[in-house]
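Peer 1: First to last, the sequence lines map onto chains A and B. Residue numbering for the first sequence follows UniProt numbering, starting at 1 and increasing by one per position. Residue numbering for the second sequence follows UniProt numbering, starting at 1 and increasing by one per position.
Among the clues, some could well be false.
Claimed, not checked - Lysine to any residue pairs mimicking SDA-like chemistry, simulated, CA-CA at most 20 angstroms apart: (1) A:214 x A:185; (2) B:82 x A:46; (3) A:214 x B:104.
To be verified - Here's a subset of chain B near chain A, in silico, CB distances under 10 angstroms, partners left out: (4) 23; (5) 27; (6) 31; (7) 39; (8) 40; (9) 41; (10) 60; (11) 66; (12) 75; (13) 78; (14) 99; (15) 106; (16) 108.
These are computed hints drawn from the structure, not numbers from a lab. From the three backbone atoms N, C-alpha and C, an ideal C-beta is built for every residue, glycine too.
Each chain, letter by letter, is given below.
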Amino acid sequence: MKVYAVIPAYNEASRIGGTLFGVRPFVDGVIVVDDGSTDETAGVARESGATIIRHAINRGQGAALRTGTDAALRLGADVIVHVDADGQHDPSLIPSIIQPIKEGKTDVVFGSRFLGLLPSDMPWSRRVLLRAARSFNSLVMGIPRRVTDPQSGMRAMTREAALLVDFRQDRMAHCSEILRLVTRSRLRWLEVPIRVRYTSESLAKGQRSADALKIVWQLLIGGR
Amino acid sequence: MLIQIVLISSLVLALYVTWRRATQGVISWREALGWSVLWVIAGVIILLPQTTTTVANFFGVGRGVDFVLYASVVTLFFLVFKIFLTLDRVERRLTDVVRKDALKELPEQKHE
């Protein structure tokens with residue numbers, strides 16, 4: 001089984017090297033989608049031996065993930081893992097995410113920050129917000145309440161699932177969109193615990209709490 | 001009144017530009033007609049403000065001016081929403097183009 005990691009990266013030159021170093025032992029190939037970076041992201045990633053796909057201009061994390069997923073399919077991937085570039089996701093958890101797929105137990109695996117492994121240093125405001133997001137997802141988006149993490153970026157899916165899940169949200173709303181598409185399809189899915197590191201750096205660059213409103217707006221107007 | 005003169009002259013100008021663009025093929029005849037109707041209605045409202053009161057009373061609004069205000073707010077909201085949707089569509093198409101370009105040189109491998 002060929003396992004490909006897809007890592008969208010926008011101006012991550014300082015961190016992409018470390019992330020790739022951590023991810024490579026667990027996968028057969030790494031695809032970095034340089035989402036129109038203005039720094040050395042592509043160069044650093046190339047030195048680490050990753051396949052580089054470059055967006056001519058910045059299109060957002062969702063768009064980059066989709067491009068990377070399409071690229072993995074072209075390269076013949078059997079399993080595709082989505083990982084953030086900034087080192088938030090602990091790469092050593094990749095095996096536990098792809099294991100259920102390898103065993104043929106499921107088609108899609110979502111990493112959840114709320115299944116036991118305590119998120120290190122998750123700010124309380126983020127916790128409250130994610131709880132609200134979960135309610136929004138179940139009430140408005142029709143995503144089952146069983147899903148414990150509404151906005152997790154670490155997930156794995158089979159080739160067949162990747163071909164089926166047609167996510168079109170370019171920016172941050174893709175998390176909820178993928179959850180919706182998967183949970184409403186006939187694909188089998190489950191959540192496994194993951195751990196996320198919140199550093200001051202990743203919090204500064206990552207999503208702001210106010211982005212929640214943007215995500216809601218994108219989900220509501222971004223029809224098919 | 002001065003305001004009427006200013007508004008009517010801008011409407012005449014708008015009407016002129018609309019039909020000029022139509023003859024140039026920039027907008028379709030149907031669009032031009034649609035815009036013209038809008039300009040003419042605006043002209044009637046400016047020259048005969050009391051007509052709006054009749055319409056307003058029909059809808060249960062007291063003053064014609066209030067009715068025009070309400071109607072324009074609703075119209076503007078609608079237009080802004082339409083622009084949002086258009087922009088969203090344009091953004092998606094832009095992404096499609098960027099993606100196609102990004103994947104252009106990636107060889108397609110047979111999946112066994």
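Peer 1: Against which earlier hints does the structure fall short, listed by number upward?
Peer 2: 1, 2, 3, 4, 5, 6, 7, 8, 9, 10, 11, 12 and 13
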